[in-house]
Structures are given as C-alpha cells and as structure tokens.
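Novice: With the UniProt record's numbering applied, the sequence shown covers 1 to 267.
In short, the hints are calculated from the structure, not lab data.
Keep in mind that this is a model prediction, so the values were computed, not measured.
A couple of the hints might just be wrong.
When the alpha-carbon atoms are kept at most 16 Å apart in a straight line, the in silico EDC-like pairs for lysine to aspartate or glutamate are as follows [said to hold, decoys possible]:
#1 K4 - D75
#2 K231 - E209
#3 K168 - E194
#4 K146 - E170
#5 K146 - D135
#6 K168 - E209
#7 K4 - E103
#8 K146 - E134
#9 K168 - D139
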Amino acid sequence: MVAKSGIWHSTTGAGPPVVLIHGLFGSAGNLGALGRDLADRYTVYSIDLPNHGRSSWVDDPGVPHMANLLRAWLDEQGLARAAFVGHSLGGKVAMQLALNEPEVVSALVAADIAPVTYPGGGHDSIFAALEAVEDAAVDSRAAAAKVMGEHLQEEGVIQFLLMSLERKAEGGYGWRFNLRELHRGYDGLRSAPEGEPFAGPVLFVKGGESNYILPQHREQVTALFPAAQMKVMPGCGHWLHAEQPAQFNRIVGRFLDTHVAAGQALS
C-alpha cells in the first residue's frame, strides 16, 4: 500500500506499533524475519524508504527529507507514536525523526549505524557495480551477478543487491531503487542526523566485525541519545540481522518488550 507520502508499507500482527526500516539499496523484506518474530505481540509496519522498493522516487534523497516523509506517513496511518527499528540508513532516518519530533518515537533501535557523518567513497564500488549492470542491459540475474563480480568481491553483498533486481515490463532487468538519485545525493545519505537530544530509550546494536560503530563515535551517541544502550553481536558484519537472525531478533524483542510494553502500561 502506497500512502500520499509516497511511502509503501505492509502491516502484520496486533499490538503496539513498531515500524521496521531497511538500509540503503534494500527494501521492506530485508527485516522480514524480525517482523514475523514480533507480529505475535506488535502491529508491525514494514516500509520501503523513499527511492527504494515500491515507494515513490523523490528528487531529495537526503536523510532529513526522508524523516519528514516518514513523519507524514505516520499521520496518514493515524499513528501518534510508534517504536522504530532501522538498519543502517533506516536507523539514521529513524534517529533524525526522533531528534526532530521526540513525541512520536516511543523507542528506537539503530542496527549497526551511528549518528555520525561517514567518510565519502564508502560505497563507490557498489555504485560502480550497480551502474555497470544498468549499462550492460543484462537479460538475466546470472548475467547481472557476473557484471557485479567485476566490481565486488563479497558474494553476500552481490546476493543482497540482487534482491532488488526486477524484470521490467518492457523487457530486461532494472533496479527497484532510484540509483541515479541515490548516487547524486550520496553526501546527504552519509551525513549525521542533527537536532536536540532525544531522551527516550534507544538501543544501538553493533556487528562485532563491522566498522560502522566505533569507539570514537561514543561521544556523539551519548550527546544526542543520552539514554542509549549498546549491544554487540560477536562474529557479525554489517548485515547482522541476516547473518545471525535469531540472536538479532532476540536482542531487539527484549528491548521492545521492556520499553514499549512498559510505556503502553504507563500511558
């Protein structure tokens, strides 16, 4: 279902609302295992970010604009308040929303992302691979994988990206995300969220083998999110929810059960 905000979502379960937000180049299904795990006690909304999946393509791909569209989407759904779980870029969008309008965020989980500006060039090889697939006008998923393999060494990353490759109505294959706009606006995607500190409950979940959350980020984390907790998942990289889903689901579920359920009881 696509709302007036342009954000597509699916809904499952019953209970307090929890919104799941995927990362860059992803889609709503990326956090599907978590959604299924939570659906027995929460109403789970899984969204496609703007310029991704089935959501609308927009000219401004930056985090602040996506947070504003997410706020508009909440109004469209009649949600005065919700908990948010975001991976990577999705976590950054959720953080920006919490800093903008803390009253609409009951709790926040940021999976392997910090509220900092990341160095440029971190996704250069991925953009090169994605654009090479477009330029090659591939006629099969296998052909796309072969083209990407000329730019990327990690098979897991290639398979993740292929999840967003779809057959076009006019023939051939294309990406379900707005590649050109995401590349053009990449500086806005890697920038730090800004705003007044959010005092509500926040959990940062770090992949033990990932460099997305580092010791030097602690000062910025605590400055913006003074109540933040941190959990580390040993042996995981950046896609921790896919590498160890049972552990990830357990960590997130316990946090939400503690803070969202308690908040509902007090409200």
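Novice: Next step is simple, just say for each hint if it's right about the structure.
Specialist: These are the hints, each one checked on the structure:
1. In summary, the hint linking K4 to D75 is supported, as the alpha carbons are separated by about 10 Å, within the 16 Å threshold.
2. This hinted pair checks out: K231 and E209 have alpha carbons roughly 13 Å apart, not beyond 16 Å.
3. Simply put, K168 and E194 have alpha-carbon atoms about 38 Å apart, too far for the 16 Å limit, and the pair is violated.
4. The suggested pairing of K146 with E170 is violated, with an alpha-carbon distance near 23 Å, which exceeds 16 Å.
5. Restraint check for K146 and D135: satisfied, since their Cα atoms lie roughly 13 Å apart, inside the 16 Å limit.
6. Proposed proximity of K168 and E209 is contradicted: the alpha carbons are some 37 Å apart, above 16 Å.
7. Restraint check for K4 and E103: the C-alpha separation of about 22 Å exceeds 16 Å, so the hint is violated.
8. With a CA separation close to 13 Å, the supplied pair K146 and E134 stays within the 16 Å bound.
9. For a cut-off of 16 Å, the pair hint linking K168 to D139 stands: about 10 Å separates their Cα positions.
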